[in-house]
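Residue-level listing of the chains:
Number of protein chains: 4
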Amino acid sequence: MIIFMKRRDFITKSISAGVLAGVGLPLLAQQENTKSSKHANVVNNELDKREKILYDTDIGSDIDDSICLSYLLNQKQCDLLGITTVTGEPVVRAMLASALLKVAGRDDIPIYPGVAAPLLTPQMQPKADQSKYLSKYPHETKFPEGEAIEFMRQTIRAHPNEITLLATGPFTNVALLFAVDPEIPSLLKRLVVMGGTFTYRYKDEPCLSEWNARCDPYATSMMYSAPVKNIISVGLDVTSHVVMKKDEVIEHFNTGILKTVLDFSGILDNTRQEIVFHDPLAATVIFDREICRFERGIVEIETESKRLGGLTFWKADENGNNEVAFEVDKERFFKHYFSVF
Amino acid sequence: MIIFMKRRDFITKSISAGVLAGVGLPLLAQQENTKSSKHANVVNNELDKREKILYDTDIGSDIDDSICLSYLLNQKQCDLLGITTVTGEPVVRAMLASALLKVAGRDDIPIYPGVAAPLLTPQMQPKADQSKYLSKYPHETKFPEGEAIEFMRQTIRAHPNEITLLATGPFTNVALLFAVDPEIPSLLKRLVVMGGTFTYRYKDEPCLSEWNARCDPYATSMMYSAPVKNIISVGLDVTSHVVMKKDEVIEHFNTGILKTVLDFSGILDNTRQEIVFHDPLAATVIFDREICRFERGIVEIETESKRLGGLTFWKADENGNNEVAFEVDKERFFKHYFSVF
Amino acid sequence: MIIFMKRRDFITKSISAGVLAGVGLPLLAQQENTKSSKHANVVNNELDKREKILYDTDIGSDIDDSICLSYLLNQKQCDLLGITTVTGEPVVRAMLASALLKVAGRDDIPIYPGVAAPLLTPQMQPKADQSKYLSKYPHETKFPEGEAIEFMRQTIRAHPNEITLLATGPFTNVALLFAVDPEIPSLLKRLVVMGGTFTYRYKDEPCLSEWNARCDPYATSMMYSAPVKNIISVGLDVTSHVVMKKDEVIEHFNTGILKTVLDFSGILDNTRQEIVFHDPLAATVIFDREICRFERGIVEIETESKRLGGLTFWKADENGNNEVAFEVDKERFFKHYFSVF
Amino acid sequence: MIIFMKRRDFITKSISAGVLAGVGLPLLAQQENTKSSKHANVVNNELDKREKILYDTDIGSDIDDSICLSYLLNQKQCDLLGITTVTGEPVVRAMLASALLKVAGRDDIPIYPGVAAPLLTPQMQPKADQSKYLSKYPHETKFPEGEAIEFMRQTIRAHPNEITLLATGPFTNVALLFAVDPEIPSLLKRLVVMGGTFTYRYKDEPCLSEWNARCDPYATSMMYSAPVKNIISVGLDVTSHVVMKKDEVIEHFNTGILKTVLDFSGILDNTRQEIVFHDPLAATVIFDREICRFERGIVEIETESKRLGGLTFWKADENGNNEVAFEVDKERFFKHYFSVF
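Protein chains in written order, with numbering that gives the first Met the number 0: chain A, 0 to 340; chain B, 0 to 340; chain C, 0 to 340; chain D, 0 to 340.
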């Protein structure tokens, strides 16, 4: 019975519904009279205010994606419609996301493994290193193949101007999504990105290269040149300031899903001594814009240089469609982050 | 009743079916006991032998795409599963394809407008010039939006190792298809391409640039570097030899759909004096390999140079996955081409 | 006797001799018995300890080249063997240098106009803006044509391992010198450069581009990849910290040649409000290394990117042939600078 | 008296004079009163009509440079003012040229080793392979160092609008000459080049790359973009048609200097079976323009692509400063070539 449908089933059906009519994509329309829909209806008003979010992530490399996902799952104002994974071993990454969802009791959220390889450039992130922790946690092992872009596409078309796409991995999925269906950029509410470094710094040291942008320069360029109404970028120069030392991490990551994240993080087995909250910073600004100070302008991406591919050019412009973070209120961020758990 | 389903409905449903089960894509499976399926079954043996073809085309610019489509529609051995359009004004191109399908009484074949803009490079083919002829012919005006790549993807997954993808326009759709679902290349029976110039000639004159490859060099590179089992390329250096002068064109294009093609061609209003059969040559070699002499090797694509982007590098290699045409039996081609009408 | 030749006469004659039988070159052969030459002979032993310097400059654009030249002329430890000019209107730049030499009573120093255009890239500095001040000051108007590189070459070969080449303009002359005679780099004592930005800053603001390197990226790359024993770079990130405000400039530039420099500077006609001592900082470290803190390493140059051409890549390496300034003792610099006047 | 100086002595002295007081350069000042010089004086009027030629060559790799030099030495209408060598081991190449001059009794002609390494790209021709034949023939071993460009520069300035610069190796020397003294291009009578392939053919096979242009794409670009009044290019597509088989070579290379060339060629020790007369074809058209059919136009050079660097773009243009050979009268060429011996 549909009432027991997990969210993944629900969305998947919605996707199918979208194609049923051939041309249009009214979607969701057929399932209005189900009990699940009724339930949805009851809490409708409140839920309507939640931010509809698609989360595109390279979870499984650095730990911050897991920290970000944990936040999204616990953020009451977040309606997480689905997760797509990107870069090397996207299925393993999907498994890792699935493990976290199960820990959180939220495995209704659909997960789609996305694209492994960058466009036209060598693979820089072939492995999902955290796979070593997988065996300890129940997780899904089967996922739809090659459907991530289509899932994003249909979800966005089903909720025009309502979806926030949060991308915290290399931007291959996002670029392909925008290329495959060029109306998608303008159907997004906003795109929020952890990527770039707009003052060429990492923890105040010179740094031209931010990993996500660097891993797939062509995709990064395609993404930033798309006609999204509002692109919010939180770059490495800002995220690198939200750091937590090992002891504090152990102290704070002591409940529920955060315990699992702590386990994944490598803090406990001493493979790392601190955590930089890159991705969660990007996520939190969706819900509290005051955490960062933003400037409006234009972002362009270097693609010609082999060594500098993915470098972010920034130009202030009050009519630009980009908002870029230039400062972070570190205290406000951490307070906000842990407040949702 | 499903028995009356037009092919487009059928395929569209199939697409939906593919997502129904969430993970796998068995497709088509549910509709076995329908009358259409029974009918399909009756003629099954014979039909099974036909080549299942997806046709990706920039129909609406040069006339050869229409000449190619006309051939595919009349070629008994061809099971045309769908048409996708590419480059500027893809919907207008879809309308033009639709007009031809209606003339041929074959508007059961699904048509999906694909991607208008090349990847990261300027648009070189913004218009579908033949739109001026559209008003004279009935045609569809509404098509699915942004679904071309997904249509190709699902059709190929529904018929693993059975589909020949014929691409005679810029390769944006094909590149995105391969990028979005990286298993697709290996699920194709073959890819047949009108593109490139492997001896750097056009009608024996020096020519470094072939239009389809030139229009989207990055896409061309992504396409040729994908692990397709068999890529058959018929380049400009070969196609430019299959030319028909105005008088002969008028004489031969005198039946059924060819009359419409003649109208579209600009021959009658004197905007052109001859027709080069680029795209149809690529189509015919699917059915008669002896029309061209092929060599096996490796193809790579120039992407660094602004002026030479899309140039095709050729290296003979008996283990290569590419077969490239180096000669054409012009007489055999024309005889074969007109034999299907 | 050679002992009485002024230096410019001497060198010019030497070079000119090469084409005596040809078109001939305008010579300055007439002024042999000057006191300055006699003086040079008398104090020979002491002079031997002086740093032999060739100064390659784009004097005539920003004022700092004039401030640098004034310093070199007044620095007792400096044996200025010649001046070469570079970028647009090199002859006008030579005139400006000549005007300053005459003010300083040092027009024995040879001046050679060098190369106007950058290698393979567009001219970014076509004009010597300070030409408007020329009419007020006596100056030479005829200079050897096309001989700058050969002058540098012969001067360096004449004093192997003794010459410091100081380059504070775009590096076209230097690159050509090194290319024309590939032994020259290893015959230099050192190369001192105002160029690059190694922490990507200008006055603490993000800045990827330093003008001298940017104006001729290929030349910059050729220069930095040459086997010079010791390349000392003082980049924009450091020089931009040695700034003097208008009032202080007026106060300090009140004697001799500095008055002329003040006039050239645009301070008095209010076209500028402060002066950044880029080039003089590079010059002073030849004589007092403690003015800057240097690190040893490797410098490489971006040439592929149209937008980032000339960007300086820095990597610390204790065996590198480069020393790059990372900090400046501003007070020590200014004290040193004005101490020579 | 200057009239009795051998040409090499004259020029070398002229240049050397410039550094007399420095390290000094090895001179060839001793051989003044030779008969060849006297003879030169006697026939002055007639000689004035001869073509003044500077020959820039990578002699020592393929044999055609030697075949070309032999021609120039025997061509009565040729006044060979000097030889400069280029690419890897330029001094060895100078020795090889010297050996031929001595065989011809013409070691009055000055030889200057030029630049070994291409500009900014990897060395593709590091060795002068024919050095193995050197020990059998007397030759000079000391040459001026780093003076080739200056020698070319001064020679051209000494004979404005009279010099034909013939370049049959990679174009590093020529590019540097034009960069160092930007008036030089306009002071040449003409530049004759063996280089490029303007129809992308080698012996009727597809070929995008011609060796000389390929070895130093940046230099090639600098050369072709200089304001030379008349650039005559004889490309690989044309030169590859003037081939002589081993037996014929042995038959024809049977007198004087050609015997030595035959020895150098590798024909006798079976390392090659035929000779293509690339460089001599370029030389002969200076004296008989009817040997090739030329078209007037514009030549530009690819520099962005790693794989296609040096590719020659050709566009017909009646106002262009380039004349490019498109056909050769093979019989006329060979008849002309051997007629001078």
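Just so you know, these hints were derived from the structure itself, not from any lab.
There could be a bad hint or two in this list.
Copies of the same chain are indistinguishable here, so a pair counts whether it falls within one copy or spans any two.
Said to hold, decoys possible - Below 20 Å or equal to it, Euclidean Cα-Cα: the simulated SDA-like pairs (lysine to any residue) are:
{"id": "1", "residue 1": "Lys228", "residue 2": "Gln272"}
{"id": "2", "residue 1": "Lys258", "residue 2": "Arg288"}
{"id": "3", "residue 1": "Lys141", "residue 2": "Glu182"}
{"id": "4", "residue 1": "Lys244", "residue 2": "Asp107"}
{"id": "5", "residue 1": "Lys126", "residue 2": "Glu182"}
In this text the structure is predicted, and so the values were computed from the model without any measurement.
Hints breached by this structure: Violated hints (numbers, rising): 1, 2, 4; every other hint is consistent with the structure.
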